[in-house]
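J.: From just these sequences and the hints, can you work out the full model?
If you're matching them up, the sequences are chains Y and V in order. If you're matching positions, the first sequence starts at 1 in my numbering and goes up one per residue. If you're matching positions, the second sequence starts at 1 in my numbering and goes up one per residue.
Treat the hints with caution; some may be incorrect.
In this list, chains with the same sequence are indistinguishable; a pair is considered to hold if it fits within one copy or across any two.
[To be verified] Listed next, the in silico EDC-like pairs over lysine to aspartate or glutamate satisfying Cα-Cα at most 20 Å (straight line): (1) Lys157 to Glu137; (2) Lys179 to Asp218; (3) Lys49 to Asp36; (4) Lys160 to Glu137; (5) Lys209 to Asp75; (6) Lys63 to Asp36; (7) Lys151 to Asp75; (8) Lys217 to Asp75; (9) Lys151 to Asp218.
The set of hints was computed from the structure by calculation and includes no laboratory data.
The residues making up each chain are set out below.
2 protein chains.
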Amino acid sequence: MPDKKAVVLLSGGLDSATALYIARDKGYQCHCLVFDYGQRHRREIEAAKIIAKRTGSTCQVIKISLPWGGSSLLDRKIKLAKKRFPAQDKIPATYVPGRNLIFLSFALSCAEALGAGAVFSGPHVYDYSGYPDCRPEFYRALKKVISCGTKAGAQHKQIKIMTPLVYKTKAEIIRLGGKLGVPFRLTWSCYRGGKAPCGRCDSCYYRAKGFREAGIKDR
Amino acid sequence: MPDKKAVVLLSGGLDSATALYIARDKGYQCHCLVFDYGQRHRREIEAAKIIAKRTGSTCQVIKISLPWGGSSLLDRKIKLAKKRFPAQDKIPATYVPGRNLIFLSFALSCAEALGAGAVFSGPHVYDYSGYPDCRPEFYRALKKVISCGTKAGAQHKQIKIMTPLVYKTKAEIIRLGGKLGVPFRLTWSCYRGGKAPCGRCDSCYYRAKGFREAGIKDR
Chain Y
1 MPDKKAVVLL SGGLDSATAL YIARDKGYQC HCLVFDYGQR HRREIEAAKI
51 IAKRTGSTCQ VIKISLPWGG SSLLDRKIKL AKKRFPAQDK IPATYVPGRN
101 LIFLSFALSC AEALGAGAVF SGPHVYDYSG YPDCRPEFYR ALKKVISCGT
151 KAGAQHKQIK IMTPLVYKTK AEIIRLGGKL GVPFRLTWSC YRGGKAPCGR
201 CDSCYYRAKG FREAGIKDR
Chain V
1 MPDKKAVVLL SGGLDSATAL YIARDKGYQC HCLVFDYGQR HRREIEAAKI
51 IAKRTGSTCQ VIKISLPWGG SSLLDRKIKL AKKRFPAQDK IPATYVPGRN
101 LIFLSFALSC AEALGAGAVF SGPHVYDYSG YPDCRPEFYR ALKKVISCGT
151 KAGAQHKQIK IMTPLVYKTK AEIIRLGGKL GVPFRLTWSC YRGGKAPCGR
201 CDSCYYRAKG FREAGIKDR
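T.: Here it is as C-alpha cells:
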C-alpha cells in the first residue's frame, strides 16, 4: 500500500475534479470528501461521487447544515444573479460565509485521522467569482494554523495544503485537465442545478469562457 | 436592539459557560452554537442548551459527523484513559483531530451571516489537556485567516476571536465564573457522560483540582 495518502475536496465541478487527477498523477492514494451543505446545485454531489469512483478513490459525503444562510446558494429567497461582468470586483451573493474554511477544517481532521500528508483542493484566483476564501493569502495563512493547531503539526509532520490551480485561468485548468483525462462531461458547474446547465449563472459563464479560450469543446 | 452581537461556542462545560457569561458581561447579545459531533459525553449538549436559555441567548445545535474517528471521545474502541499526571506533555487520545478549527469555522460562518463582530470560546493553556488547538498561537494564526478569507475581512470589518480564558488556570476560571454567576451545577465536564461524573477522566480530574484550588465547592 502506498503511504502517500491525500484527502481531496471534491465538489463535482471541473476544478476540483482536475485537482483530484493532479493528486493521482503525483502518486497519491486519494480519499475524497464531498459536502452536502444544502446547496441549490445538489446535482454536483452525484457528479462528485461518480468522478471519485472512476478514479478508484474512496469517497465520503459529509452532510452539514449552515442554518444561518447568508448566501444565494443556500437561501432561495436571495436571487441568483444572472452572469456578471468579469471585471466586477464585488463579492457576489453566491459567496457562502466561511465555506472553504469549513471544508478545509473537515479535510484536515480527516487527514490527521487517516495519516494523510496532503489536502488537495481546486481554488483559483483568475476567472473566479471574487470569493475571498479562494485567495492564495487565505491558504498561506491556513498553513500557520495547521502547524500550530494540529497534532500532526505539533509533531512536525506537516499536512500540506495543495492548491495546484490557484494561479491558473479556467482555460489553463481545462487544458491541463484534458491532458490528465478528466472526464469533463461528468462534471457539474451550474449553480441552478436544473436538468441542464442554465448557461446564465457565473459558474456557467466562466465554464463556457474557459472552454472557448482553451479551444476545447464542452460536451 | 444592541448591535453588539457575538457568536459563542458553547460545549456545556464550565469553561465555555464562563466565556458566555463574560461575553454577556461585555454587553454582547449572544448566539450560542452547540456541536453534536458524536461525542461520548452527549450530556454536555443538554447542559449547553439549558445554560444558553438561562442567559436569554439564542442557541443552535449543529450536528456534524467525523466518520474518520481518530479520538477516544468518538471511537469507543479507543480506551478512555484514567486521569493522567498533569505534567505529561503528550497529546492525549481524547484529542479530536481538527475539532476546534471545525467549530471555529462554523462560528465564523455564522458570525458573518448574522453580522456579529465577535466569536467567543473558552480554551485555555494551563491545566488543559495538551490539545494543540487550545494554544494561543493557534488562535493568533486564525486571525490572519479571518482577515484574508472572509467577506467581513475583505471589507475591513474584522470578526474578533475572543478567548478570554486562554491564560487563566482552571481555578482562576472558576473564581471568575463564580463572580459572574455561572451556574456551575448545570455544567457538565465528564468525558464518560454517565449518570454521574466518573471522577477519573482528565476532565473530571482538572475540574476537581480547579474547584479545590479556587476554594469553591462543586455542587
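J.: Hint by hint, note whether the structure agrees.
T.: Taking the hints in turn, this is what the structure says about them:
1. Lys157 to Glu137: Between. Shortest inter-copy distance 17 Å satisfies the 20 Å Cα cut-off; intra-copy 22 Å does not.
2. Lys179 to Asp218: Classified as within: same-chain Cα gap 15 Å, cross-chain 66 Å, threshold 20 Å.
3. Lys49 to Asp36: within (12 Å within a copy, 26 Å between copies)
4. Lys160 to Glu137: For Lys160 and Glu137, the Cα distance is within 20 Å both inside one copy (15 Å) and across copies (19 Å).
5. Lys209 to Asp75: neither (27 Å within a copy, 48 Å between copies)
6. Lys63 to Asp36: both (5 Å within a copy, 13 Å between copies)
7. Lys151 to Asp75: Answer is between; shortest inter-copy Cα gap is 17 Å, intra-copy 36 Å.
8. Lys217 to Asp75: For Lys217 and Asp75, neither the intra-copy (33 Å) nor the inter-copy (48 Å) Cα distance is at most 20 Å.
9. Lys151 to Asp218: Neither: 43 Å inside a copy, 32 Å across copies.
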